[in-house]
Every structure is written in structure tokens, then in C-alpha cells.
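Residue numbers (the numbering used here), protein chains in the order written: chain A, 1 to 542; chain B, 1 to 203.
Keep in mind the hints are simulated off the structure, nothing from the lab.
Certain hints may be false.
Simulated pairs of lysine-lysine, DSS-like, Cα-Cα distance not exceeding 30 Å [claimed, not checked]: (1) B:Lys107 / A:Lys243; (2) B:Lys10 / A:Lys243; (3) A:Lys347 / A:Lys508.
The following label-pair restraints were derived from C-beta to C-beta distances [stated by the list, open to error]: (4) B:Ala75 / A:Leu371: 53 to 61 Å; (5) A:Met315 / B:Ile115: 19 to 27 Å; (6) A:Val131 / B:Gly145: 52 to 60 Å; (7) B:Ala39 / A:Met65: 55 to 63 Å; (8) B:Glu26 / A:Ala378: 47 to 55 Å.
Glycine included, each C-beta is placed from N, C-alpha and C at the ideal position.
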Amino acid sequence: MTNTVQNGDSVFRSYLEDGDRKGILAWILSTDHKRIGILYLACMIFLFLAAVTIGVLMRVEQLSMSAPVFSPRVYNAFFTVHGVIMIFMFVIPGLPAVFGNFFLPILIGARDVAFPRLNLMSWYFFVFGSVLAVSSLFTGNGAPDTGWTFYAPYSIRTGTNVTLAVFAAFVLGFSSILTGLNFLTTIHRLRAPGMSWTRMPLFAWSLYGTGWVQVLATPIISITLLLVIAERFFGIGVFDPAKGGDPLLYQHLFWIYSHPAVYIMILPAMGAITEIIPTFAHRTIFGYKAIAYSSIAIASVGSLVWGHHMFTSGMGEVANTMFSLLTFLVAIPSAIKVFNWTSTLYKGSIELKPPMLFALSFIFLFSIGGLTGLIQGALNVNTHLHDTYWIVGHFHYVMFGGTVMGFFAALLYWFPKMFGRMYSEKIAFLSWVPIFIGFNMLYFTMLVLGYMGMPRRYYAHLPQYHTPHVIASVGSFILAVGLVLFLANFVIALFKGKRAGQDPWGGKTLEWTIPTPPPRENFSEIPVITHGPYVYNPEVMP
Amino acid sequence: MSFEPGAVHKDLEGAKLGMWLFLFTEMVLFGGLFLLYSAYRAKYTADFHRSGQELNAVIGVANTIILLTSSLTVAVSVTALQRGNKKLSLICLGMTIVFGVAFLANKYIEWSAEIRHGMFPNSPELLNHPDGVKMFFGLYYSMTGLHGIHVVAGIILLSFMFDFVRRNKITTSDYIKLENAGLYWHLVDIIWIFLLPLFYLAA
Numbered sequence: 001m002t003n004t005v006q007n008g009d010s011v012f013r014s015y016l017e018d019g020d021r022k023g024i025l026a027w028i029l030s031t032d033h034k035r036i037g038i039l040y041l042a043c044m045i046f047l048f049l050a051a052v053t054i055g056v057l058m059r060v061e062q063l064s065m066s067a068p069v070f071s072p073r074v075y076n077a078f079f080t081v082h083g084v085i086m087i088f089m090f091v092i093p094g095l096p097a098v099f100g101n102f103f104l105p106i107l108i109g110a111r112d113v114a115f116p117r118l119n120l121m122s123w124y125f126f127v128f129g130s131v132l133a134v135s136s137l138f139t140g141n142g143a144p145d146t147g148w149t150f151y152a153p154y155s156i157r158t159g160t161n162v163t164l165a166v167f168a169a170f171v172l173g174f175s176s177i178l179t180g181l182n183f184l185t186t187i188h189r190l191r192a193p194g195m196s197w198t199r200m201p202l203f204a205w206s207l208y209g210t211g212w213v214q215v216l217a218t219p220i221i222s223i224t225l226l227l228v229i230a231e232r233f234f235g236i237g238v239f240d241p242a243k244g245g246d247p248l249l250y251q252h253l254f255w256i257y258s259h260p261a262v263y264i265m266i267l268p269a270m271g272a273i274t275e276i277i278p279t280f281a282h283r284t285i286f287g288y289k290a291i292a293y294s295s296i297a298i299a300s301v302g303s304l305v306w307g308h309h310m311f312t313s314g315m316g317e318v319a320n321t322m323f324s325l326l327t328f329l330v331a332i333p334s335a336i337k338v339f340n341w342t343s344t345l346y347k348g349s350i351e352l353k354p355p356m357l358f359a360l361s362f363i364f365l366f367s368i369g370g371l372t373g374l375i376q377g378a379l380n381v382n383t384h385l386h387d388t389y390w391i392v393g394h395f396h397y398v399m400f401g402g403t404v405m406g407f408f409a410a411l412l413y414w415f416p417k418m419f420g421r422m423y424s425e426k427i428a429f430l431s432w433v434p435i436f437i438g439f440n441m442l443y444f445t446m447l448v449l450g451y452m453g454m455p456r457r458y459y460a461h462l463p464q465y466h467t468p469h470v471i472a473s474v475g476s477f478i479l480a481v482g483l484v485l486f487l488a489n490f491v492i493a494l495f496k497g498k499r500a501g502q503d504p505w506g507g508k509t510l511e512w513t514i515p516t517p518p519p520r521e522n523f524s525e526i527p528v529i530t531h532g533p534y535v536y537n538p539e540v541m542p
Numbered sequence: 001m002s003f004e005p006g007a008v009h010k011d012l013e014g015a016k017l018g019m020w021l022f023l024f025t026e027m028v029l030f031g032g033l034f035l036l037y038s039a040y041r042a043k044y045t046a047d048f049h050r051s052g053q054e055l056n057a058v059i060g061v062a063n064t065i066i067l068l069t070s071s072l073t074v075a076v077s078v079t080a081l082q083r084g085n086k087k088l089s090l091i092c093l094g095m096t097i098v099f100g101v102a103f104l105a106n107k108y109i110e111w112s113a114e115i116r117h118g119m120f121p122n123s124p125e126l127l128n129h130p131d132g133v134k135m136f137f138g139l140y141y142s143m144t145g146l147h148g149i150h151v152v153a154g155i156i157l158l159s160f161m162f163d164f165v166r167r168n169k170i171t172t173s174d175y176i177k178l179e180n181a182g183l184y185w186h187l188v189d190i191i192w193i194f195l196l197p198l199f200y201l202a203a
């Protein structure tokens, strides 16, 4: 793609040209962390678009009150598959697998991750799991219809293809565990000389917190999913009320993983935002330590709040109260981050480039997501809002407005470094307009719908909900147009983009000190680190 | 690997750290089952007590002794290799594998007997029993079954290590693979130490 790059007096070949093998094998057998990151990116864009399409089809269904375009059964499959793909194949692995793989070793001054071959194996697990999940749609007795949560006892009774989908999630979990394990070891062992913990870029810190959650929480979903399979094959009964089992225990086990998983999703996005904001505010990050430690605080307190998904399940007053309290506590470290980002902007010299615009959108949309989370974290309000469109709106503000916007911001920020090409900033700005407008039309309306009482996962709706449903659907179409425009921009840039320089944004972290695109081994000489990562005004840095 | 041979730096500490992280995930994996066990045991205390009496405690204890001894032999094997005694290392590794197979053979005898009595999940016999008994046996098969799978994985892993030591791919100076495999085997052992009292000695 690019020719040799000159850097000072030495000549480098970029990682894009420097492979051991020819053609596709140079990619799918490569243990280079950068190539593996690109492999993930390619798979995920495809999966993301598939899940977006299903999401839009659901909104098509809701354009009419009762005469459905798709049968109820198909609609059930839609929300299940949309959730499974988005959660397990895009939002959970998204930032760590793509940008974590590509940039973590570079950010800490290493040549690769600690276990390069294991890293490639994780990608194969990811592909295998994705293929299984997608094939669960077309094989067996129909696509799974349980919702992405696979709640027992329905998931152990339904005749649809739940076993395959559940096994796919198990395999994807394995991929996630191995990535987390790899990153933790990398951060512990491969930091460049002089890179103390408090000189580490904050994206690396967020991956560190994420890595621990991946390693310590994911096995719980693994065993839970295996038990669902065992229930379906052997009828062991542990989640089956007919045999004395307790389906509530399924919910507990499921959320013991799946709530921390929310922080697997959001922490790396927060980390990426933390890299972007100082670059475009031309100012040192405000409160480095507070941001670093709040990542760890989020990871640890976030592991203790799973019960807030179960307030109406009848698990008891004491448990409800405790979980509600902890839910309010976990908002504190998240808020610390938001305050630090805004404080970084204060008196900064802000340059509104596309990555910055998406980063600021992240802060705005994530704040709505976080604050609506507090509203539904209150016990009495939750009784009204549980299982309504409010919840759907809330988690899309966090997952889409948060993680995916963070993903987009990171893509805009790092794309020139990854591929050596510059995209059109104009189109990037232009695509932001339909994305932002469509997003809020779609999901804010959902918050209103839920407050009005519209339950989630219904294929039809009553007349009083019709107008908001139409508004939301139109919003989803606008959003989809924006997404296509946004992604097309990168495809064009890959072939026709102008060459990007070594440091197009004026970033100060290590990735901007090496050639664009990076040479295969990142650093010809491992750098010695003498100061913190964001030296815009050196006099205030430690 | 992506570095030129001279630059390859084998990080033994890192390899061990990675292994320990992996062992954490295994503990949490079983942790989910222990959580279910404790919830159901609290709910069906009497039934668990009664069901425990139906298990063959002799085989359970025999298997405990077998696994504990195998942990000793694998530890000796690692130390022997560290001190340059390849032959002793191979003998001990071979013994560990034999112990693992013996464990599985016992398990087979035990499970066959239970199944002959009709005590297996979803069997007409078991469905006639109270809910607590169904839970006990559901968990018994899940937990010892998952543990059994780990024993099988451990045997395969140790067989590879045996081959590596034999062909000098694992040596006195580079034994981290063997050490990590040994750690894995100890984990399999430790989990069994918890399974024994929870099921066989529950009576």
C-alpha cells in the first residue's frame, strides 16, 4: 500500500509490506499485533454492518402498529441476533481487539504483545465463534429467539437453535479471556525502560482494568453457558424449576459476568477518548492519576452491581437495596472521568478535528447514558421502567453513544497511523450530522416511549405509542445513512487517501514518534521513557 | 515470532504470569459451579446429606490419594529436570500420567455403577426422587464431569511435555513449559480436594 518511508536518515519498511508470506496467508498466519488488529477490524466492520441492518429491519417492523412486515417469530430472532452480534462480536471485543492490539505494545514501547502466537489464536477463536453464531441463524430449528440474555427456563425449553448460539458465545468468551490475559502480561512485563505505571498512557491503563475484568468475569459466563447446553442435552436441572432448580440463579450467574462486561465495553472507549482530548486541546490531561485509578475503581466496583438487572425478579429487599446503593457508587469514578475530560478542555486551545468532534459527542451521549442509568438504578423508578424501551434507550446511549462513538473517534484518530492514509475530513464532519441527529431521534425517543410504558421486545405496539415509534424509525434510517457515509469515507481513503505524515494531529504519545505506518517491529530501538505521556506544557508534568 | 532470532528474549516470568492468570480463570470457571452448589445445599440440606451417602466414598478417597500422589510426582519431575536429572524427570512424568489414567478408570467404574442404579440426570429413577436429590446429582455430574475433562486435558498436556523432555525441547535451562504444565496439574488436584468433601463426605 505504501512505499518505503523515510524517517531521518534510516529507511523503514512498514508492517503492511513486511510479511513472511504472500497474499492472504501473510495476514491470517501473522503474529504481528498490528496485522492481527487489522484482521479484527475487518471482521468487525462486517459484523457491525450486519447487526445494524437487523436493527434497521426491527425499526421497519415498528413503522406499523399491528400488521407486521415480519412474523413475530422472525422479530424475536431479530432482536436476539442483533444483540448477540453487537454485544459478543463487536462491542465487547471492539476496542481492545482492534486498537488495543494495534496500539498497546506501541504505547508502552514494546515490539509486540507478550504472547504473539496466543494472540493470533484468539483471533481464530473469534472467527470460529462468529461463524458459529451466524450459522445458528440458518441451521437447526430456526434462529434463536431468547434475546441475547438466554434467560432460563425459556432458553432450555425453546426448540430453536439456542445450543449453537450459546456455544458460539462460549467460544467468543474464550477469545476475550485470552486477549485479556495477553494484555495484562504485556503491560506487566514489556513496558519500555523508564515507563513506570504513572507514565503509562491512559489508554493502556484502561486496557489494564479491562484485562482484569476479562480474565476474572468471563469464566462465569463460560460455565453458565455450558450449563445451559448441559441442561438442553442432559436435563441436569440446575436452572429448571420443574426439577427444583432456580432460574433466578441463572440470572445471577449471567449478570455476574454481563454487568462487568459493560465495563469491558466502556473502559477502553474511555481510554481512547482520554488519548484524543489532550491532543486536540493541546494540553496535558487533567488529573492523570484520578483517571488511571478510576479505571480500576470502575472495574472493581462494577463487578459488584450485577443485581440491578434483577430488581423486579423478587430476589429480596436487602439485596435490592445493596445493589442499588452500589450502582450509585459506581457512577462516581465514571463521573470523575467526565469531569477530568472537561477540565482538560478548560483553557485548552481546542482544535475541532473529526476525532475531537466524535470524542466530544462521546462525552455528551455517554453522560446521557450514565445519568439515565442512575434514574433506573433507583428502586422505585426501576419498577416502572424495567423491561421497557427506556432500558433499550439507556443502554444504547451507553453502548452506542459511548463505546461505538469511542470506537469511531479512535478510528478517526488512529486510522492515518494504521494505514498511512488520510481520509476526507469534510466527509467525516458531514457524516457526523446524520449520525448525531439520527442517533438522538432514535434513542431519545426510546427513552420517552419507555417512560410512557412501551415494553421492549414486542413486535407490535398500541396506538398511543405509534407517533414516537415512527419518529424513532425515521431516526434509525437517518443514522444508517450517516454510518454508511462514515465508513465509506475510510474505504475511499484506503485507496485514494492522501499520504499521512508521522504525526498528523500533533499527538505526544509514543505511536506518533515512529514512522507511518509503523515498521514491523515498531521501534528500531526500544525507547527510554523520561517523562509522562502528555507533555504539552512540560512544566506541569512529573 | 516477529523478531530476528537474536532479538528473541524469552520471558520466563511473563510465561509464568500468563499461566497464573489462566489458572485464575479456571478457578472462576469452577467458582460458578461452587456458587450453585452452595445455594442448593443451603436450600436442600437434608437431601444433600442423604444423597452423599449414596456415593462410593472409598473410590472418592482412593482417587484423592491417587491425585495427591500425582501432584507429588509432577513436582518431583520439575525439580529433577531443574537439577539436570532428565531420566528421573521422565519417570516421574510418566507416573503422573499413569496416575491420571488410573483416576479416570476409577471415575469410569464409579459413574457406571451410578448409571446402572439409574441415578443420572433426567433418568426416570432420579425424577422420582425429591428435588434436592435431583440437584445433588445434577451438580455431581456437572462438577465431577467438568473436572474429569480437565484431567483428560492435563493428561494430554503432560504427554506432550513427556515428548518434549525426551526430545530435549524442554531442558534444564528452559523448563518453563513443564513447570506451567505442572501448575495446571496442581490446579486439577486442588479442585478435586474441594469436590471430595462437598460430594462424598456431604453425608
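Verification of the supplied hints:
1. Under the criterion of a C-alpha separation no larger than 30 Å, the hint pairing Lys107 of chain B with Lys243 of chain A is consistent with the structure, at around 26 Å.
2. Taking the CA atoms of Lys10 of chain B and Lys243 of chain A, the gap is near 53 Å; set against the 30 Å cutoff, the hint is violated.
3. A C-alpha spacing of about 19 Å is found between Lys347 of chain A and Lys508 of chain A, which places the hinted pair at or below 30 Å, so the restraint holds.
4. Taking 53 to 61 Å as the suggested C-beta distance range, the pair Ala75 of chain B and Leu371 of chain A conforms, at roughly 55 Å.
5. Our hint of 19 to 27 Å for Met315 of chain A and Ile115 of chain B is violated, since their Cβ atoms are close to 36 Å apart.
6. For Val131 of chain A and Gly145 of chain B, the Cβ-Cβ distance of about 27 Å falls outside the hinted range of 52 to 60 Å, so the restraint is violated.
7. Between Ala39 of chain B and Met65 of chain A the C-beta distance comes to about 44 Å, which lies outside the given range of 55 to 63 Å.
8. In this structure, Glu26 of chain B and Ala378 of chain A break the distance hint of 47 to 55 Å, their C-beta atoms being roughly 38 Å apart.
Hint check: violations occur at hints 2, 5, 6, 7, 8; the rest are consistent with the structure.
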